[in-house]
Amino acid sequence: MILSIQNVVKRYAEHTALAGVSLEIPKGQIFGLLGPNGAGKTSLIRIINQITAPDEGQVIFDGELLQPKHVEQIGYLPEERGLYKKMKVGEQLMYLAQLKGLSRTEAQNRLKDWFIRLDIKDWWNKPVDDLSKGMQQKTQFIATVVHEPKLLILDEPFSGFDPINANMLKEEILGLKERGTTILFSTHRMESVEELCDSIALINHSQVVLTGEKEEVRNRYKKDEYAIKFSGTLSDTDDFQVVSVDDAGQSAIIKLTQADGTNKAIAALIKQVDLQEFKEVVPSFNDIFIQVVEETK
Amino acid sequence: MNKILLVIQREYLTRIQKKSFWIASLLGPILITAIYAVPIWLAMQDKEVKRIEVVDESGLFQTADLVDKEVEFKLVKKPVADLKANFAKEGYTALVHLPKDILTNGKDLKIYSEKNLSLSLKSSIERVIEKKVRAVLMKEAGIASEVYEKTQVDVGSETVTVSESGDETSSSSGGAMILAGVMGMLLYITLLLYGSQVMNGVIEEKSSRIIEVIISSIKPYQLMLGKILGVGMVGLTQFLLWIVLTIGLSQVASKFYQTSPIQQKMEQVKKADPKVAKELNDASPMAEVTKVIESTNIPLVVGGFLFYFLFGYLLYSSLFAAIGSAVESATEAQQFTFIVMLPIIAAFMMAQFTMQDPDSTMAFWASMIPFTSPINMMVRLPYGVPAWELATSMTLLVLGFLACSWISARIYRIGILMYGKKVTVKEMAKWLFYKG
Chain A
1 MILSIQNVVK
11 RYAEHTALAG
21 VSLEIPKGQI
31 FGLLGPNGAG
41 KTSLIRIINQ
51 ITAPDEGQVI
61 FDGELLQPKH
71 VEQIGYLPEE
81 RGLYKKMKVG
91 EQLMYLAQLK
101 GLSRTEAQNR
111 LKDWFIRLDI
121 KDWWNKPVDD
131 LSKGMQQKTQ
141 FIATVVHEPK
151 LLILDEPFSG
161 FDPINANMLK
171 EEILGLKERG
181 TTILFSTHRM
191 ESVEELCDSI
201 ALINHSQVVL
211 TGEKEEVRNR
221 YKKDEYAIKF
231 SGTLSDTDDF
241 QVVSVDDAGQ
251 SAIIKLTQAD
261 GTNKAIAALI
271 KQVDLQEFKE
281 VVPSFNDIFI
291 QVVEETK
Chain B
1 MNKILLVIQR
11 EYLTRIQKKS
21 FWIASLLGPI
31 LITAIYAVPI
41 WLAMQDKEVK
51 RIEVVDESGL
61 FQTADLVDKE
71 VEFKLVKKPV
81 ADLKANFAKE
91 GYTALVHLPK
101 DILTNGKDLK
111 IYSEKNLSLS
121 LKSSIERVIE
131 KKVRAVLMKE
141 AGIASEVYEK
151 TQVDVGSETV
161 TVSESGDETS
171 SSSGGAMILA
181 GVMGMLLYIT
191 LLLYGSQVMN
201 GVIEEKSSRI
211 IEVIISSIKP
221 YQLMLGKILG
231 VGMVGLTQFL
241 LWIVLTIGLS
251 QVASKFYQTS
261 PIQQKMEQVK
271 KADPKVAKEL
281 NDASPMAEVT
291 KVIESTNIPL
301 VVGGFLFYFL
311 FGYLLYSSLF
321 AAIGSAVESA
331 TEAQQFTFIV
341 MLPIIAAFMM
351 AQFTMQDPDS
361 TMAFWASMIP
371 FTSPINMMVR
381 LPYGVPAWEL
391 ATSMTLLVLG
401 FLACSWISAR
411 IYRIGILMYG
421 KKVTVKEMAK
431 WLFYKG
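As they're listed, the protein sequences go chains A and B. Residue numbering for the first sequence follows this note's numbering, starting at 1 and increasing by one per position. Residue numbering for the second sequence follows this note's numbering, starting at 1 and increasing by one per position.
Source of the hints: derived by calculation from the structure; they are not laboratory data. Take these hints with a grain of salt, some might be off.
[To be verified] Calculated lysine-lysine pairs in the DSS-like style (CA-CA distance at most 30 Å, straight line):
1) A:LYS133 with B:LYS3
2) A:LYS27 with B:LYS150
3) B:LYS435 with B:LYS3
4) B:LYS100 with A:LYS86
5) A:LYS85 with B:LYS3
6) B:LYS100 with B:LYS19
7) A:LYS214 with A:LYS85
8) B:LYS3 with A:LYS150
9) A:LYS88 with A:LYS27
10) A:LYS27 with A:LYS214
11) A:LYS69 with B:LYS3
12) B:LYS255 with A:LYS126
13) A:LYS222 with A:LYS255
14) A:LYS177 with A:LYS150
15) A:LYS86 with B:LYS435
Hey, can you work out the whole structure from these sequences and the hints?
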């Protein structure tokens, strides 16, 4: 485990942001931190970044109690991110890299590599003011990863990215994962969860309401429903019930009466209709998210 | 510690690299020099003799009675009404009307002029008339004019301060006052200037949202401290530039002054008459400056200035930083900056009284209370201040700074993360007690 969050409580004057949150984040994974607005994600991220301290509970980072020296092993890209507008790109990144503990020469060498890699060599002396939004996002991303952190925290990293930059970011994230970086990834966009995450945790009302590996969670929310295509007339049997049929009467959703009854259901189906396609309905994370949030209201 | 140095370096370098810094650094000394040089220059230009028409209904005055260095009087015998209409057209600055009963009713003297008369011209005219009227009255009272001439003595004092050990220094009250005024003013301007620079820096970081990235690398108090120290060093650099440039410029200006025709004429006069030379020397502005420099404990004043600038600045800028952290824009900050500016303005106003009477009770307390002491103690310092008072004032200022920076750091760490909420003073007070 790179990060072990144990019973963390954070209270503000008027409300409790985190009410006893526990999470285990395994090394080398992309871990999705999900939850509606105001659920407590940002509070948790700020605690991991040591911007604020928990009122109760503790955080273990890489086997040690979280302490100030660890900021150099964590990279953080906040949702609301900014840069010093009047500073030049190169100077700015040098400053941010050195704040993360890199020496001057080390920072310079690594930044030069990144500038070559992202094909932005001629930006070094440009003031941030002159950069487009996409260019600023690249700059911010470099600032987040230049010190090669063990843990990378990305809060809604894709918001505001155009498809080309989003793709570049995705490639970089996957590359970092390959090189052993753990990525804590907070987002609302379920398609990026499906695409990138290995595990997820869902926070609602200051508590963890769902956590686990992506496929395992998905299996938990399977409803034994199958999508079929057919010709003929379909009706309920002992082995399945018809949930819905489309207007043309060519495809339908059926629900099995027994969890492992696929063979029986297929046998029953081919007696009734000419079966062309039989496919399990896998719940999307969008559906799971909505379902769990509704349930834990 | 290393990281605070990084913050200081960034704050310092980004400001030093700005054009506005260099413009202010260059314009400052030019303005300071101009404030002193322009009046001198104007005085040099304004040496044309003023012409005044005089109508004397009393019949006491002859042309010989009306003599002055800077004014040329002309006695005329025409009705006042005619002259009033024409004196300005004929090139006279003013028309003086002496009533019949000038001896008994001096207040009835009337001076007509197109523009407001300068005070010095008015008093020159009054002096000349007074002198004659007094002479006539003396004569009527039976005092011979020779006796009267003898009573015209000129008293001039030299002030000398005597220290407890009996050392005497020729002091200059006027000079001390100028020095006090200049330093009080300088502190007032710089406290406001650099304090608000710190505040704007904090607002910039908050509104551009870079703050969250920075404080995931360093502690908020480190960032605040680094910013305050960095901007403070910019202030010290600017002082240094101002001092060097002002000295340079005033050297040039005084050279120019020395080679001016008036100065050359004065030199000739000095050579001709040693007595006049001494009088002229005593009266010249340069002599006054020299006297101030001789009578002031320069290391004490310079050291005091640096100390009071530094700690006064630290105290106020930490409060400015706290305000900056609680708001999201400069306009929103205005309502709060007033709270911090109030004591600075009050201190500056008190300093005007302190300057008049540096040993009054008010001056004493104003130079002890940390919020007002930087300006007020600096104003008192050129006049001489007992060592224990200075030590107490300095200690209180350092303690005041520590208290203010503690309060500010606690507001700051919460404020920088607060968005989309109009903050009140009451709320800021609550933040003091929030946990980590």
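Hints versus structure:
Simply put, LYS133 of chain A and LYS3 of chain B have alpha-carbon atoms about 29 Å apart, close enough for the 30 Å limit, and the pair holds. Between LYS27 of chain A and LYS150 of chain B the CA atoms are separated by roughly 106 Å; this puts the pair beyond 30 Å, and the hint is violated. A C-alpha spacing of about 24 Å is found between LYS435 of chain B and LYS3 of chain B, which places the hinted pair at or below 30 Å, so the restraint holds. Taking the CA atoms of LYS100 of chain B and LYS86 of chain A, the gap is near 77 Å; set against the 30 Å cutoff, the hint is violated.
In summary, the hint linking LYS85 of chain A to LYS3 of chain B is supported, as the alpha carbons are separated by about 21 Å, within the 30 Å threshold. About 68 Å separates the Cα atoms of LYS100 of chain B and LYS19 of chain B, which puts this hinted pair outside 30 Å; it is violated. Of the supplied pair hints, the one linking LYS214 of chain A and LYS85 of chain A is violated, its CA atoms being roughly 40 Å apart against a limit of 30 Å. Pair hint LYS3 of chain B plus LYS150 of chain A holds up; C-alpha atoms about 21 Å apart against a cutoff of 30 Å.
Proposed proximity of LYS88 of chain A and LYS27 of chain A is contradicted: the alpha carbons are some 35 Å apart, above 30 Å. For the hint pairing LYS27 of chain A with LYS214 of chain A, the CA-to-CA distance comes to about 15 Å; that is within 30 Å, so the pair holds. As the CA atoms of LYS69 of chain A and LYS3 of chain B are separated by approximately 12 Å, the hinted pair is consistent with the 30 Å bound. As the CA atoms of LYS255 of chain B and LYS126 of chain A are separated by approximately 46 Å, the hinted pair breaks the 30 Å bound.
For the suggested pair LYS222 of chain A and LYS255 of chain A, the alpha carbons sit about 11 Å apart, so the restraint of at most 30 Å is met. Between LYS177 of chain A and LYS150 of chain A, the direct Cα distance comes to roughly 10 Å. Compliance with the 30 Å bound is thereby established for this hinted pair. Distance hint between LYS86 of chain A and LYS435 of chain B is unfulfilled; the C-alpha atoms sit about 34 Å from each other, more than 30 Å.
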